[in-house]
Structure formats: structure tokens, C-alpha cells
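2 protein chains.
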Amino acid sequence: MSEEKTTKIIKDENKDATTQIDAAELFTEFKEHSVADFFKKNKQMLGLSGKQRSLTTIIHELVTNSLDACEEAGILPEIEVKLAELGTEYYEISVKDNGPGIPEDKVASALGKLLAGTKFHRLVQTRGQQGIGVSGIILLSQMTTGKPTKVISGTSKGKTISLEISIDSKTNSPKVVNKHYLENKYRGLAIKCKFKEIIYKKGQNSVDEYLRRTAIANPHLTLSFEDPNGEITKYTRTINKLPRIPKAVKPHPRGVSVDELLSYARHASARKVNSFLSTNFDRVGQTSIDNIQKLVHFDLNKDPRALSWEEAEDLVKAIKETKFIAPSTDNLVPIGEEQIKKSLKSIVSPEFLSVVTRKPGVYQGGYAFQVEAGVAYGGGAGRLVSVEKTVEKGVTKTEEVRSSEIIRYANKAPLLFDAGGCAITKTVESVDWKRYGVNNFDTSPVTVFVNLISVHIPYTSAGKSAVSDDNDIVNEIKLALMDVARRVGTYIIEKKREAEKKEKKKVFAKYAPYVVDALVHTTGEKNKDLLLKNLNNMVLEKLKMEEEGITSKEDDIIEDDIIEDEEINE
Amino acid sequence: MSEEKTTKIIKDENKDATTQIDAAELFTEFKEHSVADFFKKNKQMLGLSGKQRSLTTIIHELVTNSLDACEEAGILPEIEVKLAELGTEYYEISVKDNGPGIPEDKVASALGKLLAGTKFHRLVQTRGQQGIGVSGIILLSQMTTGKPTKVISGTSKGKTISLEISIDSKTNSPKVVNKHYLENKYRGLAIKCKFKEIIYKKGQNSVDEYLRRTAIANPHLTLSFEDPNGEITKYTRTINKLPRIPKAVKPHPRGVSVDELLSYARHASARKVNSFLSTNFDRVGQTSIDNIQKLVHFDLNKDPRALSWEEAEDLVKAIKETKFIAPSTDNLVPIGEEQIKKSLKSIVSPEFLSVVTRKPGVYQGGYAFQVEAGVAYGGGAGRLVSVEKTVEKGVTKTEEVRSSEIIRYANKAPLLFDAGGCAITKTVESVDWKRYGVNNFDTSPVTVFVNLISVHIPYTSAGKSAVSDDNDIVNEIKLALMDVARRVGTYIIEKKREAEKKEKKKVFAKYAPYVVDALVHTTGEKNKDLLLKNLNNMVLEKLKMEEEGITSKEDDIIEDDIIEDEEINE
Numbered sequence: 003m004s005e006e007k008t009t010k011i012i013k014d015e016n017k018d019a020t021t022q023i024d025a026a027e028l029f030t031e032f033k034e035h036s037v038a039d040f041f042k043k044n045k046q047m048l049g050l051s052g053k054q055r056s057l058t059t060i061i062h063e064l065v066t067n068s069l070d071a072c073e074e075a076g077i078l079p080e081i082e083v084k085l086a087e088l089g090t091e092y093y094e095i096s097v098k099d100n101g102p103g104i105p106e107d108k109v110a111s112a113l114g115k116l117l118a119g120t121k122f123h124r125l126v127q128t129r130g131q132q133g134i135g136v137s138g139i140i141l142l143s144q145m146t147t148g149k150p151t152k153v154i155s156g157t158s159k160g161k162t163i164s165l166e167i168s169i170d171s172k173t174n175s176p177k178v179v180n181k182h183y184l185e186n187k188y189r190g191l192a193i194k195c196k197f198k199e200i201i202y203k204k205g206q207n208s209v210d211e212y213l214r215r216t217a218i219a220n221p222h223l224t225l226s227f228e229d230p231n232g233e234i235t236k237y238t239r240t241i242n243k244l245p246r247i248p249k250a251v252k253p254h255p256r257g258v259s260v261d262e263l264l265s266y267a268r269h270a271s272a273r274k275v276n277s278f279l280s281t282n283f284d285r286v287g288q289t290s291i292d293n294i295q296k297l298v299h300f301d302l303n304k305d306p307r308a309l310s311w312e313e314a315e316d317l318v319k320a321i322k323e324t325k326f327i328a329p330s331t332d333n334l335v336p337i338g339e340e341q342i343k344k345s346l347k348s349i350v351s352p353e354f355l356s357v358v359t360r361k362p363g364v365y366q367g368g369y370a371f372q373v374e375a376g377v378a379y380g381g382g383a384g385r386l387v388s389v390e391k392t393v394e395k396g397v398t399k400t401e402e403v404r405s406s407e408i409i410r411y412a413n414k415a416p417l418l419f420d421a422g423g424c425a426i427t428k429t430v431e432s433v434d435w436k437r438y439g440v441n442n443f444d445t446s447p448v449t450v451f452v453n454l455i456s457v458h459i460p461y462t463s464a465g466k467s468a469v470s471d472d473n474d475i476v477n478e479i480k481l482a483l484m485d486v487a488r489r490v491g492t493y494i495i496e497k498k499r500e501a502e503k504k505e506k507k508k509v510f511a512k513y514a515p516y517v518v519d520a521l522v523h524t525t526g527e528k529n530k531d532l533l534l535k536n537l538n539n540m541v542l543e544k545l546k547m548e549e550e551g552i553t554s555k556e557d558d559i560i561e562d563d564i565i566e567d568e569e570i571n572e
Numbered sequence: 003m004s005e006e007k008t009t010k011i012i013k014d015e016n017k018d019a020t021t022q023i024d025a026a027e028l029f030t031e032f033k034e035h036s037v038a039d040f041f042k043k044n045k046q047m048l049g050l051s052g053k054q055r056s057l058t059t060i061i062h063e064l065v066t067n068s069l070d071a072c073e074e075a076g077i078l079p080e081i082e083v084k085l086a087e088l089g090t091e092y093y094e095i096s097v098k099d100n101g102p103g104i105p106e107d108k109v110a111s112a113l114g115k116l117l118a119g120t121k122f123h124r125l126v127q128t129r130g131q132q133g134i135g136v137s138g139i140i141l142l143s144q145m146t147t148g149k150p151t152k153v154i155s156g157t158s159k160g161k162t163i164s165l166e167i168s169i170d171s172k173t174n175s176p177k178v179v180n181k182h183y184l185e186n187k188y189r190g191l192a193i194k195c196k197f198k199e200i201i202y203k204k205g206q207n208s209v210d211e212y213l214r215r216t217a218i219a220n221p222h223l224t225l226s227f228e229d230p231n232g233e234i235t236k237y238t239r240t241i242n243k244l245p246r247i248p249k250a251v252k253p254h255p256r257g258v259s260v261d262e263l264l265s266y267a268r269h270a271s272a273r274k275v276n277s278f279l280s281t282n283f284d285r286v287g288q289t290s291i292d293n294i295q296k297l298v299h300f301d302l303n304k305d306p307r308a309l310s311w312e313e314a315e316d317l318v319k320a321i322k323e324t325k326f327i328a329p330s331t332d333n334l335v336p337i338g339e340e341q342i343k344k345s346l347k348s349i350v351s352p353e354f355l356s357v358v359t360r361k362p363g364v365y366q367g368g369y370a371f372q373v374e375a376g377v378a379y380g381g382g383a384g385r386l387v388s389v390e391k392t393v394e395k396g397v398t399k400t401e402e403v404r405s406s407e408i409i410r411y412a413n414k415a416p417l418l419f420d421a422g423g424c425a426i427t428k429t430v431e432s433v434d435w436k437r438y439g440v441n442n443f444d445t446s447p448v449t450v451f452v453n454l455i456s457v458h459i460p461y462t463s464a465g466k467s468a469v470s471d472d473n474d475i476v477n478e479i480k481l482a483l484m485d486v487a488r489r490v491g492t493y494i495i496e497k498k499r500e501a502e503k504k505e506k507k508k509v510f511a512k513y514a515p516y517v518v519d520a521l522v523h524t525t526g527e528k529n530k531d532l533l534l535k536n537l538n539n540m541v542l543e544k545l546k547m548e549e550e551g552i553t554s555k556e557d558d559i560i561e562d563d564i565i566e567d568e569e570i571n572e
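For the protein sequence lines, the chains are V and F, in the order given.
Numbered by this note's numbering, the letters in the first sequence go through residues 3 to 572 in order.
Numbered by this note's numbering, the letters in the second sequence go through residues 3 to 572 in order.
It is worth saying that the hints were derived from the structure and are not from the lab.
Be careful, since some hints might not be right.
Said to hold, decoys possible - A short, non-exhaustive set of chain F residues, derived as facing chain V with CB atoms under 10 angstroms:
| id | residue |
| --- | --- |
| 1 | Lys33 |
| 2 | Ala118 |
| 3 | Gly287 |
| 4 | Ala464 |
The structure presented is a predicted model; accordingly, all values stated were derived computationally and were not measured.
We treat Cβ as the ideally placed atom computed from N, Cα and C, and that holds for glycine.
All chains should be modelled from the sequences, with the hints used to inform the complete structure.
Pasting the structure below:
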């Protein structure tokens, strides 16, 4: 059968291949396309494929948009999410926040045009960063229902405006209908849109799990979620203070490329390269300038707009050889060690927990970033796989079977999908967990938490569900993980040692009376209690010596900072 | 330390959070961006991050572009790739083909503008499909070297033109310099561009491996590669006939969404919905039309341009309930079972090989697709991990340690990166390999080959390195894999059985003389040879019966089409 088929194909090929087609004819179909059409045809690149995943992505885009807006405006966020079922695989989603709102003249293009917004061109730690998210959602809504998205926006100064937005995908521009002002004073943004071909389900990749993880990483957020059954889950903020407002930063010189440097130089207001460097970049002082001048082959008093590619290359090379202070930490706002501990304690309830917030670093492109990592071990840590019951001698025992789980965040927003393609997952899996007492990582009760924060997260795609494996970032994540794993390892080894000691004591207690009897018999000593006491002391002494022996062997994984960690169920 | 730090942060927060910022102030930074700027900042989404990966992606984009052009024009492809090292992490890449070339009036925008081309809006099985690839490469070249890309284009009719192209990323438009005509007659496209921050290395993700895999899947291609050391690798075509030219297809009705239907209807030349359906879609005949008319609540003689969303929904629902012939297979051009077998035999040299080309199917959006899968087992199959030497009784034995490997293709183009995030990898890993005699998949000598072909591959990102996990596609890949795995399973079980039989015979041969001696002793029979012969026959009879018993037990994994498969090293 297979042979026949192949032969047939070859004959067909022969026939077809004889005619060659000219370039002009081939290019009659040449066309240009808008970015909206591109993402419409490739909605999977926005995370909008799969019925459950699409729904979670929609909620993700709307909620992160609200959180970013509130934080940038210095407002403690209160977000209401509502999901109503309108029919089979047909839902209405409403997300309402108390944020700053969008000014009337910007609202249509901010929401109804892809690649438009306030975040893309600035270096600021926000959850969204591309100006695609919400407009992609509006596109999906109209693609599946033919309906526009209803928007109500109120700012602290202007009027409250109501409008309906859809996107002309051929031109990537917003179409607005039914625009009018509302009487009620409201500050914030409320979005209501309908979708078909999505499904609401509970479980690992659900909206519920997404919002739970959002609450874990955003203790200053009050969030309510009404599911299609009318059940309301409310997360009330546990901190009444807003995290510092993340500020847009200047690029750090060590990360700048020649192309970027020239691009900045062309729009520079400074008239000399030296002042251009100190005004446009972070951490460039007179000492650095002097050093750079010694290394480059042209005068830094030159006009930056006249820089040639070769001179810019020379400059970047000199910058790479010059020492700078690390990027300022003020621009990155981590969740913080204490807060992560509190969250994981209350939600995961592990036996042992170790958390670290590393110092900020910088990766390619001059982007500041910072890694937070935690390992929770034992107790409620890991993912519950099953509960096994065994009956032995009439006694029923239940045992929870747990596997490891990895909780990923980027700028405090949970990453639920594309785990396999994410640098965070890969790095967690690359850790030699055996070294830290976790003999089989996959089947161990471990929750690994990683939060990557940056003024620009290098996502693998516009769907923002996985982080690309940049070397600097991977190294930082690995160091963070090794740091926390080391402490967990010490705990696990200590626990094993205690168990061994107990076992030895138990064995001794069992046989000691017989030994004493034998001693009485051979020595003639009558005081059994004294013999038992001396024997006991001897054994304890022996165990102590053994322990010290073990300790010195295990020194390589014990750190000075062990005191910082805490054992929860002491 | 950790506590101090946290306290300090909370204080800072307090100070900052008191001031709220107004929406108008927040939106002063509002801007619109071009798709070129988007990908320039997110080059990892194009597969252009990492020094080795960037290089392989560059080669991939240029080579697939050439292959597509040749095949579309009906030309047997000859491609020359040259890589020259200009300095540290600094290379010049040249790719020259014998394709149709690009007409003079289209060359600048075809190469110097993202999202422009002939492929995006048509349903045709090509390697490229977005109009981003080569323009992304030109963008990377100018970003890292500041230099434009040199292009020579000659068509069968026009003059040969030489020009240098760069891209204005602010506007996503081409900038052309040094344009002139050449005396020499040349048909094809030659591209020469320079890159910094890339590295040429041999190994798993190298250009060499990429081109080797390209040659495996494209037996009609002649390809030469000159590496930076001047070493030339040449793959000469093994088939002198071009595969059928893939043709653009009409969408199959079963895959069309309401939004797409309306979009087609608005630009329809037909004046009635019924004729619109039969002219714009594949496989819609009068019987289908009649059936649809019975199901919908409006007259199909209506003007398609007047269709409302509700009517279109009605129509799509009726289409879903109507039977159609499967999409025409002419539009998909698989490599073919025989050809894949030949390639894998010559390159992998396995002990056993099974290959299947499945029938075409259709997935969401009306896209036709087809899956080819192969499993090579034993011999040279799998990836060589190490060679272990053991010395026993003075004899040195060497043993090759092999792990499994998965070779992925999309439209015959190798996918080397993002394996973890790819539906193909996930599906291979989801197969219960134990059922098929492969007890530990990871550490077995297995090469799994999968080629997904389609008029539209659902890539996870614009970098086209992984396939999104669409249900229909995943199911087809799984069925294909189970099919080939089943045959490999039968082989492995047969092999085990043979080994057992041999072992039993060996044991018998060892003890038979003693049994005969005992028989002589007890029965008085003197003819030892006769006894041995009878005993031998009894054992053979017994082994045969056992074998038949086993065979009937294993029936569930044996298929009728087993005759098609071949054991190579018989």
C-alpha cells in the first residue's frame, strides 16, 4: 500500500514540476498586513488558544492591566471580577477597578489598538509591557461573538464616559460606538466583554487558581471573584500600604547595545557625548566619564547626534571595560522575603520554609532585574496527587501522595501555562536537588516559588506565559534556588539524623535490660539502676560523638546565614 | 538582615503611596509603536536570542525562504550557505539560491518590511507563513552591526538588480541604498548580511545539525555549507524530481469561524450566499447546500454582504451539522513513507524502523494538516550519550550508552529549539511507551521522527520553533505515534521471545547429557544418541507450544499491516 502510494505521488510530481512559474506571477499575491491581522490569525501567540487557557488569559490581561494602573497611580487596588455563563461555551466577563481610569481622548486607542500604550517604550516594572494585552482581548471578543466591548472610564478630574469599542483589524484602529457621558461619578475602569468558545473549569489552570496566586503575590490587593454559579471568593488585602510605585528608569550603561546607544543619541537634548551619557544613563558620573575618555579614540565633547557607528561601538566597548555602580534598586519593587514567607505559610503550610530576595542585577539591553525564590518542604507543600488508604491489622491508615510543584511569577503576575518552555521551570529542574537531600524531586513534597521582576521581562511570546532563557537571568534564578535549597537541605539532613538517633536510642532501650542482666551476672554488681544509668550515659556520649562526626562531614552545605531560617512546626 | 530590609521598604512605601497620580498625567507617555519596534525590543520572540540560537535561526529563515521560493516556482532548489568569521562573535552570512528571485518593484518591501509578503493571507503549505522571517534577520543585522543587508535579485524576465536594504523600525519601512543593475544574468536571490553577538559552534543546536536535518526532510534539495574554517559540507539531492508544488487552498467549511465567514462574505464576488459558499470554500456541493438550507433560518439566496452576525452564526452551526468530504489531499505535500524510511535508514541506521504518513485532517480555522511519524529502534537510533569501557578478565568491552531523541519538523523545516514548549514533544512524551516494549523511554535507543505539515502551522510564537497544542493536531500525532510504536513493540517483544528461547535451549544443551546418563542408568536403554535425539525433540515441541501461547497473549498489539514493516538487520 505504502509503495503504491509513493509511486503515484512521484508521477504527479513529474507532471507538475515541468512548468516553472515566473517571479512576477508569484508576487501578484504580495500584500502588507496589520499587526492586528497578524495576531488575529495567530491568537495562540497571545495565549488565546484552548478553551480553558483562553479564559484564564483573558482574566490575566484584564486583572494585570488594572493592577498596573492602580499601582502607577498610587491607589490601593480593589478589583471585582465577574464571570457569567450566557450559553454553551459562551460567557460574559466583567472586570472593574478603582484605578485612575483612562482620559477620554486616549481611551479608544489605548484599548482598541494593538501596540499602543504607556509602557512599551519605558523601562518600568509593570505586569503588562507591550500594549497588546487588552486590545487582543477585545479582538477575541469580536472574533467569537461579533460584539464590541463595553467600557466605562472615569478619571479623578474628567467626566465619566461610557463607550463600546471594537477593532478594525485591517488597519489596527479602534471603532467606537454608543459613546456618552454618565451621571454617576466613578473613578476607575470597568470592562465588560463577551466570548464564545471558552470554558470555565476548576483546577490547576483555572481562573480560580490564577486569582489565588495573584492574591499570594499581591498582599495589598483586595480582589473579589464571582463565578458562573454566583459563588463569590474574596481575597482581602493583608497589607494596607501600597508597595513603592515602580518608577521608569534610565538604562544602565552596561547593558546598552550600539544600536540603542545611537538611537538614544539621535534624540538626545545634550550637545556633548559626555553630558549625553550622564543625563541619559543610570549611574554615569564624572569618574566613569573620565575613564571612558581614556579608552575611546575620539573626543567626548563631540555632538552625540554626529556619532558614527564605529564611534558608538568604541564607546560601548569602553563602557564594558568601565566599572559602574550596580543599577539602583529603587526601581524594582520585590514582594519581599517576609511577605512571601507569610503568604506561603498561610497558603501552603509547609514543614520548613526558606525564602530569599536576591540583590538586583542587570541583563542584556540594560534591563534591571531581580529574583525572589522560596522552597517550601513537607507538610502541605507540593501538589496533592492522591490519598492512599491501607488497612493493616484492622487499622486504616491514610497517606497523602504529593508531587513537587513550581509556582512561577513575572512581575508578581502568575505564569500558569507553557511551563515546559519557561526558563524558570528549566532552571528549577537543572538544580541538583539530591545534593540538598531531595532524592527524587518530582515525587517530593516541595513547592518551589520563583518571582522574576524586571523593567522588561523577556517573554518567549506575546502571550507572556513563559520567560526566555537569558543567561544572566537563568544564573540569578539558579543562585537564588541554590541558596534556599541549601537551607532546606540542612533541615532535611538534620531531620534524618534526628530520626537515626531516635532509632538508635530505641534499640538501646530495648536491649539495655538484657545487657544489665548479663553484667550483673558476670561482674557481681548488684545495683542494676546504677549500671543502667552508666550504660545510658555511655550511649548518649557515643551518639553525640557520632553526630559531631557527621556534622563535620556535611559542612559543605551549611551556611552562616542558617540562623535566618525558620522551622515552622517545631 | 531580612527583617531590617523589609521594614525599610515599608517605610519607603508609606512615603510614596500618599501621592496619587492623575490619569491625564499618567497618559502623557502614551505612544503608538510599529511592529518592527515591537520585535526589535522582543527579538527573543523571533528566536533571535542566545548567541548560538540566533545564528541557527538566521540560517533557518534564509534557507526556508529560499526553499519555499524554489518550490513555489517549480524549480529544483540549489542553495549555497556560507559563513565567514570577521572577528570575535562577528560573522558574515551569505545565502544564495537558484529560485525565481523577487521582482524589482517588490524586493524592498518583501525584505525590508515586517508582515509583508505573499504567504500570510493564503492557505498554502509553506515553511514561512508570516512575512516576518527575513525582515527580522535584516533588523538584527543592522541592530548589531549598523550595516544594511546586501541583496542581489534576478528573475527569469527582468534585469539583475543589486541593492542594500535596512529597515526604519519607527515606521516599519525599508530604506534602500546603492541600488544598481548588474551585467551578469542571474536568476535567484542572494543575500549577504553581517551580525555581531552570535557564535558558531558544532553540536546539537548548531547550523550543521539544522542543515543535516533539512537535507533529511528535503531529498530534492542540493545544499552546500561552507563553515568559518572553509570546510564545505555538500548534500546532493537523492531525488531529481520536485515534490508537487503546494497550492493555495480554499478553506474547508468545517473549520471556518463566524468572524472569518463574515470577513469572506464581505469581499465575496458571488451575489447569493449559496454560490458564495460553493465558490469560496472547499468541498461544498449542491447536496451540502441543500442540507444547509434545511438547517438555517434564512434564505440562502440572500446577498452574502448583507449577512448579519446572527445569520452567520446560524450558517456556521448548520455547517457543523453537515457532512462534507475531507479536505483535498492535493494541497498537502508530505515527504512520504518510503522517503522518510530511506533517509532514516541512511542517517540513523537503526535495527528496526517503522514509518507512517497519516491521512490529512482539518483543525480549527479550516486548516488542512497531515502528520508523518517514524520510530527507529536499536542500532544507531537515539542520541549517543557516552561510550563506556569495562575490563573483565583482561578483555576490554565497550558499550555505547544511548538516550532517546525526538526529531521535530514543521512543513519539512527542522525545529531545533523550545522542545519543552512544543506539542510534538509533549505528545511523544505522553505515549505510554512501556506498552510497546520500551520500558524506559528516556534511556532507550530510540529516534522518534515527527513531521507536521499544514497550510497554517499554529506556532507558539513568531520565532516558529514550537507548535501550539491544538487538540486535533495532538490527537493525530498521538495516533501516528501509536501506530508506529505498535509495530516497534511487536518487534521488541519478538526479539525478547527469541532471546528467551535461545536461553532455554542453552540450558537444555548444558543439562541434557546428565539427563541421558540418568536415563541410561534407570531404563537400561543403551542407545544414548537416540535418547538425546528424543529428548531434544520433546524440548523443541515444548518451546514451540510455549511460543504459541505467548503469541496469543500479545495479540492486542499486533496489527494486520505488520507486513509493511521491515526489519533492517536480518
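Each hint tested on the structure:
Taking 10 angstroms as the C-beta contact cut-off toward chain V, the hint placing lysine 33 (chain F) at the interface holds, the least distance being around 6 angstroms. Satisfaction of the interface hint for alanine 118 (chain F) is found here, the shortest Cβ-Cβ separation to chain V being roughly 4 angstroms, below the 10 angstroms cut-off. Because the closest C-beta pair between glycine 287 (chain F) and chain V is about 24 angstroms apart, greater than 10 angstroms, the hint is violated. A cut of 10 angstroms between beta carbons decides the hint on alanine 464 (chain F): the least distance to chain V is about 7 angstroms, and the hint holds.
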